[in-house]
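Asker: Sequence:
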Amino acid sequence: MNRKWFTTAVVAAVGAAIVYALFRFNYGPYSGNYAMYLIVNMIGLIFVPMLTIFLVFRADAGDFGFAPSASRKIWMWTVALFVGLFVLMLIASHWPRYQAYYPIFKRFSEFAYIFESANPFAAAPWMMLYAEVSYGLYMFCWEFFFRGYLLFGVQRALGSVAAVVLQAAAFGLMHYGKPEMIPSFGAGIILGILALRAKSFVPGFMLHWAASVCFDLLIVAARH
Numbered sequence: 085m086n087r088k089w090f091t092t093a094v095v096a097a098v099g100a101a102i103v104y105a106l107f108r109f110n111y112g113p114y115s116g117n118y119a120m121y122l123i124v125n126m127i128g129l130i131f132v133p134m135l136t137i138f139l140v141f142r143a144d145a146g147d148f149g150f151a152p153s154a155s156r157k158i159w160m161w162t163v164a165l166f167v168g169l170f171v172l173m174l175i176a177s178h179w180p181r182y183q184a185y186y187p188i189f190k191r192f193s194e195f196a197y198i199f200e201s202a203n204p205f206a207a208a209p210w211m212m213l214y215a216e217v218s219y220g221l222y223m224f225c226w227e228f229f230f231r232g233y234l235l236f237g238v239q240r241a242l243g244s245v246a247a248v249v250l251q252a253a254a255f256g257l258m259h260y261g262k263p264e265m266i267p268s269f270g271a272g273i274i275l276g277i278l279a280l281r282a283k284s285f286v287p288g289f290m291l292h293w294a295a296s297v298c299f300d301l302l303i304v305a306a307r308h
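Each residue of the sequence shown is one higher than the last, beginning at 85 in my numbering.
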């Protein structure tokens, strides 16, 4: 087995194991604790992949998209995507199924008391700042796993199209039970293409995190 196929095979096997394990945990009885949710997911999404990159492949993390994108064109595309996404979020923020699910922090025990208020950002601004920033760290790990480790690892032997489709499929499955599960498959493809063009998952992370924070604010604003 040549090195490209070895890398792709290991990434696919490790990636599938991580997706399965996190799917079981995230929909299990212990996921209601926010700190535990963050720790377990970060271990699976960035710590384990980094171990395989450094110890198994003896490679640089930059080979898996862990690098900044210096291309101005890429950042212009990222901003354009955010503007388009903002319009869609503005509409979706008024829909009952999104209103019932978001902000996602309401599902965690540490934040339950905050959501007794119609506006958690006004009732507990520092707690919500902690929530959004810490969730950003989680999303950094999330984007590295899908748009870094899986995407660039699978691309080695199977090519760009297969890599984009496979990581988008895994990404969509991890949205099971969320109101945006179906659109997430398409979003995964767009973010995958963006990462390939940028040779980095960072623009996708910035887009995803900005959209997440913005949508929480739009959801709360739509209730008033």
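Don't take each hint at face value.
Stated by the list, open to error - The calculated lysine-lysine pairs, modelled on DSSO-like cross-linking and capped at a C-alpha distance of 30 Å, are:
1) K157 x K283
2) K190 x K283
3) K283 x K88
Treat the hints as calculated values from the structure; they're not laboratory data.
Asker: Next step is simple, just say for each hint if it's right about the structure.
Answerer: Hints versus structure:
Our distance criterion of 30 Å between C-alpha atoms is met by K157 and K283, whose separation comes to about 13 Å. Proximity of K190 to K283 is assessed by CA-CA distance (about 35 Å); at most 30 Å being required, the pair is judged violated. Only pairs whose Cα atoms come within 30 Å are accepted, and K283 paired with K88 is accepted, the gap being roughly 18 Å.
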